[in-house]
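**Student:** Residue-level listing of the chains:
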Amino acid sequence: MLSRVAENLYWISRYVERADNVVRLLADAFQMELETGRTWVDGPRPLERVLKILSIDIQSIQDENVPSVERIEEILRELTFERKNDYSVLSMLGRARENARSVQEALSTEAWSQINQIYLYLISPRATERFNTGAYRYFQKLKKDCTLFTAIIETTLPRTEAYHFLMLGRYLERVDILSRIIAVHASLLKETKGSGPWLLPWTNLLRVYSANEAYMRHSGERIDPPGVIRYLLLEEDFPRSMRFALSRCLKNLRAVAGSSIGASSQAERHLGRLESDLRYIDIDEVLNKGIGEFLEGVQNTCAQVGSEIHQAYFRT
Amino acid sequence: MRSKSAKETDLLHNYELVGYDEMMATPGQMRNHYAPLSETLTDLGASEIERRARMADNIMRQQGITFTVYGRGQGVERIMPFDPVPRLVPNNEWEKIEAGLKQRVRAINLFIQDIYHERLILKAGKVPAELVFGASGYRREMVGVKVPRDIYIHVSGIDLIRDKDGNYLVLEDNCRTPSGVSYVLKNREVMKQAFPALFEAYSVRPVDDYAANLLAVLKSIAPAGVNDPKIVVLTPGVYNSAYYEHSFLARQMGVELVEGRDLLIDNGGLYMRTTRGLQRVDVVYRRIDDDFLDPLTFRRDSQLGVAGLVSAYRAGRVGLANAIGPGVADDKGIYPFVPEIIKFYLDEQPILQNVETFRPLIPSHMSHILANIEKLVVKAVDASGGYGMLIGPASTKEQQDEFRKKIQDNPRGYIAQPTISLSQHPTLVGDRLEGRHIDLRPFVLYGEEIKILPGGLTRVALPKGSLVVNSSQGGGSKDTWVLAN
Numbered sequence: 001m002l003s004r005v006a007e008n009l010y011w012i013s014r015y016v017e018r019a020d021n022v023v024r025l026l027a028d029a030f031q032m033e034l035e036t037g038r039t040w041v042d043g044p045r046p047l048e049r050v051l052k053i054l055s056i057d058i059q060s061i062q063d064e065n066v067p068s069v070e071r072i073e074e075i076l077r078e079l080t081f082e083r084k085n086d087y088s089v090l091s092m093l094g095r096a097r098e099n100a101r102s103v104q105e106a107l108s109t110e111a112w113s114q115i116n117q118i119y120l121y122l123i124s125p126r127a128t129e130r131f132n133t134g135a136y137r138y139f140q141k142l143k144k145d146c147t148l149f150t151a152i153i154e155t156t157l158p159r160t161e162a163y164h165f166l167m168l169g170r171y172l173e174r175v176d177i178l179s180r181i182i183a184v185h186a187s188l189l190k191e192t193k194g195s196g197p198w199l200l201p202w203t204n205l206l207r208v209y210s211a212n213e214a215y216m217r218h219s220g221e222r223i224d225p226p227g228v229i230r231y232l233l234l235e236e237d238f239p240r241s242m243r244f245a246l247s248r249c250l251k252n253l254r255a256v257a258g259s260s261i262g263a264s265s266q267a268e269r270h271l272g273r274l275e276s277d278l279r280y281i282d283i284d285e286v287l288n289k290g291i292g293e294f295l296e297g298v299q300n301t302c303a304q305v306g307s308e309i310h311q312a313y314f315r316t
Numbered sequence: 001m002r003s004k005s006a007k008e009t010d011l012l013h014n015y016e017l018v019g020y021d022e023m024m025a026t027p028g029q030m031r032n033h034y035a036p037l038s039e040t041l042t043d044l045g046a047s048e049i050e051r052r053a054r055m056a057d058n059i060m061r062q063q064g065i066t067f068t069v070y071g072r073g074q075g076v077e078r079i080m081p082f083d084p085v086p087r088l089v090p091n092n093e094w095e096k097i098e099a100g101l102k103q104r105v106r107a108i109n110l111f112i113q114d115i116y117h118e119r120l121i122l123k124a125g126k127v128p129a130e131l132v133f134g135a136s137g138y139r140r141e142m143v144g145v146k147v148p149r150d151i152y153i154h155v156s157g158i159d160l161i162r163d164k165d166g167n168y169l170v171l172e173d174n175c176r177t178p179s180g181v182s183y184v185l186k187n188r189e190v191m192k193q194a195f196p197a198l199f200e201a202y203s204v205r206p207v208d209d210y211a212a213n214l215l216a217v218l219k220s221i222a223p224a225g226v227n228d229p230k231i232v233v234l235t236p237g238v239y240n241s242a243y244y245e246h247s248f249l250a251r252q253m254g255v256e257l258v259e260g261r262d263l264l265i266d267n268g269g270l271y272m273r274t275t276r277g278l279q280r281v282d283v284v285y286r287r288i289d290d291d292f293l294d295p296l297t298f299r300r301d302s303q304l305g306v307a308g309l310v311s312a313y314r315a316g317r318v319g320l321a322n323a324i325g326p327g328v329a330d331d332k333g334i335y336p337f338v339p340e341i342i343k344f345y346l347d348e349q350p351i352l353q354n355v356e357t358f359r360p361l362i363p364s365h366m367s368h369i370l371a372n373i374e375k376l377v378v379k380a381v382d383a384s385g386g387y388g389m390l391i392g393p394a395s396t397k398e399q400q401d402e403f404r405k406k407i408q409d410n411p412r413g414y415i416a417q418p419t420i421s422l423s424q425h426p427t428l429v430g431d432r433l434e435g436r437h438i439d440l441r442p443f444v445l446y447g448e449e450i451k452i453l454p455g456g457l458t459r460v461a462l463p464k465g466s467l468v469v470n471s472s473q474g475g476g477s478k479d480t481w482v483l484a485n
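Line by line, the protein sequences give chains A and B.
The numbering of the first sequence is the UniProt record's numbering, which starts it at 1 and goes up by one.
The numbering of the second sequence is the UniProt record's numbering, which starts it at 1 and goes up by one.
Hints are computed from structural coordinates only; laboratory data are not their basis.
Each residue gets a CB set at the ideal place from its N, CA and C atoms; glycine is no exception.
Some hints could be false.
As the list claims (entries may be wrong) - Some, not all, of what chain B presents toward chain A, calculated at C-beta under 8 angstroms:
1) 62
2) 63
3) 247
4) 250
5) 251
6) 257
7) 258
8) 262
9) 273
10) 275
If we strip away everything but chain B, and leave its shape as in the complex, we get:
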């Protein structure tokens, strides 16, 4: 660790440490791997950094790297605010994350396979059956259905945070259609254009091969006997908030981007409408939730899906990524059991820990929750995006009472966690760096083997003190560098 030099006092003037800081070990003590970055930033100077950050924003805007925010009329396209200070992850740290993610995704996949088939884990009493069958992501249509290689979770995004000691913890598993990987790739591209000098002192692991790896995964789930599968990306359409990503991935892989209305089932097979008539489709990377995939099976009002797709899938005539049904693992009621799941299927200790979680079903937990609700975050198990949530320290007495009652009425419906302190990272604010809270979403591909994109999406809560990194609520992002040794 190194002492702060006089030069750095400008950018880091009055830099405050809160919780775990990615760059500073203690006030005045910089972690070694951040020293060259800090020097280069200081050399560039605040106004030059700002100028280049604006340039980075411009590149994003011109390329239409946007997401859509709903609410006002038809939705507004925005770029995700880009913070130019990259997050550095030393190689040894990354190796542990990688091992932990592989272990976790492998175990969750076995769990999904099991609950749609033998249900050994339920018979062993390790996970309450009613929790599984009551989960909103559980799909009884998948019971007994054999999927290629028994893999359900081809693409996942696992949200990680760091506690006050710097330990990486899993906050959430996203096993349905996680978004954000296009920002990982674009952030890197923009970073190389706007801040080439920052790369000088480091050797950063490249992220470019994601699309090629994804394509390989998709090829691996083609129906039996199809050698050169026709692959498509299925999007809800241009008004979806992640539309840019869908389009980006299709382009990177060189496959068609289709909407539900471009597809139809004919004689049991999936086809798309082309200028030369109907053309066979073998594999779909769907970016539409299960609910909307097929109006004959799921929501009847869905205009986004394809009537009959589920039976074509069950008959093995089309490959789907992700498979139908892994959403049960995203359920917050299942989350506390993932360490159990890892032990049960792999006979291993979890490498990455969960955030401490209290379950009202357990009497001692229930009394702890009721007594300490003002300090806890309470989440409804089948909600996401900040809905059905109580943030104890920010809540009123009435809200606390209301949630106490809800929890007692429906103990299965909730979990509670200590208010989580995310780690912070230096972030450009005006002409200096200030600490802002961050999380990390690495992306995991599961085909013939498990591959993890080195890095992932680091989201930043831009308002001072905020813990909300969600892009629709003012969160930004930054490039994430996994350092090669």
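So here's chain A without its partners, still in its complex pose:
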């Protein structure tokens, strides 16, 4: 496969994965902002947390005490539709679509058509209208659209290099952004003990990942921060957990490497080490030693693996 094509495929799925995560975070933050409204006690507000995860500096929403619904919607609109903002959903899906346009022949027609449709819908007046009448419902649609793209890839692409590069991008991005999200949530831990309204962000975090029901079924317990962190980091079977994503990432990296073991050995070593960490780690130990530091390590690994993949496959 052409290096340029492989690189494009890898980035298409990174962008789609990131956009999907941002949409999930925005939908959740919007709900929480509405619900808790003026009763928010202290600590960062839900939207503020999202901005922090994305390292975006939008004029603080803490201004003038409590943001109005209009102000919240304004921020959400910017994060969804603003072209100038690199982290907006439109920017990310626009880049994914532009990449896909230039490698249509490596995707299936249906997959290309889906990403094209997502983008065309996003820039259409209908999308803005729908957003205005109900941002949450609009986000649900976007989420579904991204999921559909992923599903089309799963069901129309042979398991050849193209597929493996798509998966590599998707799962590496999943690990990366999950580590940022948990890091921001975990920074709350210091200030919180026990129950009450402080559990809300954790319940919602599960909901962001459609993990709340699975979590309850699995643990059968009440929701508590260490439990949620453990589930999202270490659960073997949950498709959005870090451990799950890492093992897929590794699997696809090996598939891409095929017989030429040498080329990717660096990336593989890094990923393999992290994967076995997650396999044998004890969550209490991590929490005691400092989850922040641990997650920082994960992010470094992701960055390193990214550049090693780049060296090995995209720069022939």
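Following the hints, complete the assembly by docking chain B onto the known chain A.
**Tutor:** Leaving out everything else, chain B in the frame of chain A:
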């Protein structure tokens, strides 16, 4: 021929006949082969036709079947407006077109081969040598170079129009990298989805095998000794106006779509950069003009091509479609000589006629042009896309004087033709059908044999009265059906 029934008066209300009309022989007299189509359209009704036409547009947009229009910033992607009323070509008409195209392409190919080798036609004085050597498509790098099977024009698109009597005339030969075949295939696909009922009364010749035939042609030009050639389509990239087509063809043929930056010459051979290192490439269907193909040979500023490609090609280590150099046949200065060319190489009378063309080099033509310039279309021989053109009836006195002077200063540089009346075809305008001017670009593949895609791209000039079918200037397209008997 059939009389108009009461039902049809709705869709065809006030239908005006101008020049040759594809559907109506005279007011109220429909050509027989259009009758079932007209009935089905009437049954569907205007609002249903409109609804389905919108659906067809949507399918195109969703699949990204677009072309890029330049000008504003980075270029805007547009779909080509799709007209839902198909053009019908009866089989007997098509047989004549097909025979004419085969004859023409065969002769032009012999001409190209000849001018890069023996130059018999120049020695015989049938075509002025300075016209050939001065043509912008002439490539002296190809002199004496032997190409596989002596074929230069593997893919061509020959533009046809119909005169007021319905005769098909050749307007232009496109022997370099003609575009539009993807629309032919997609128009058919969309038509079948949006208007299945229209197909009921007809038996239409399918177009699906184009990609397979193209692939066979490409395989046939692999370097000697290569049995399972690696074939690629070379595109200038995603911002090229025909990018969709390049990508579509690569996908249909199951080959890689590459850009210049994906390729390199190593040790005399052509390679592409892959995730597993360099991989050998044997055949390139290039959709880049000669000028940009190789910065070492042609334009040095080109970023689109591959340094060293021309010498690899000349050494027979890579096959190119089309070959380098057939652009000389696209030159408008050569066009008037094509009937001569056909007679010279094939000893046959041309089956398809040219549009009457005046050449300022001939004194009697010169005086005719100068005297009648307000009625003529004057074209610079080495320009295309409407540049360097004077459309007599639409020009001012000053423009006419300016062109008179240009022609006298440089008689080789121009040709003149009568203002051409294109045939018209019923086209959906709002809730009824109106006549709009059309042309036809059939596609010719030349490998082990010559194959012609039944139909071709029918382009429509959408503004009323307009003769401009070019898609970048508001032209649309419609499906073209060659009817089986």
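**Student:** Each of the hints needs a verdict: does it hold here or not?
**Tutor:** Status of the hints after comparison with the structure:
1. 62: 5 angstroms, holds
2. 63: With Cβ-Cβ at 5 angstroms, under 8 angstroms, it holds.
3. 247: 5 angstroms, holds
4. 250: 4 angstroms, holds
5. 251: 4 angstroms, holds
6. 257: At 5 angstroms from the nearest chain A Cβ, residue 257(B) passes the 8 angstroms test, so the hint holds.
7. 258: 6 angstroms, holds
8. 262: 5 angstroms, holds
9. 273: Holds. Min distance 4 angstroms.
10. 275: 4 angstroms, holds
The structure meets every hint from the earlier list without exception.
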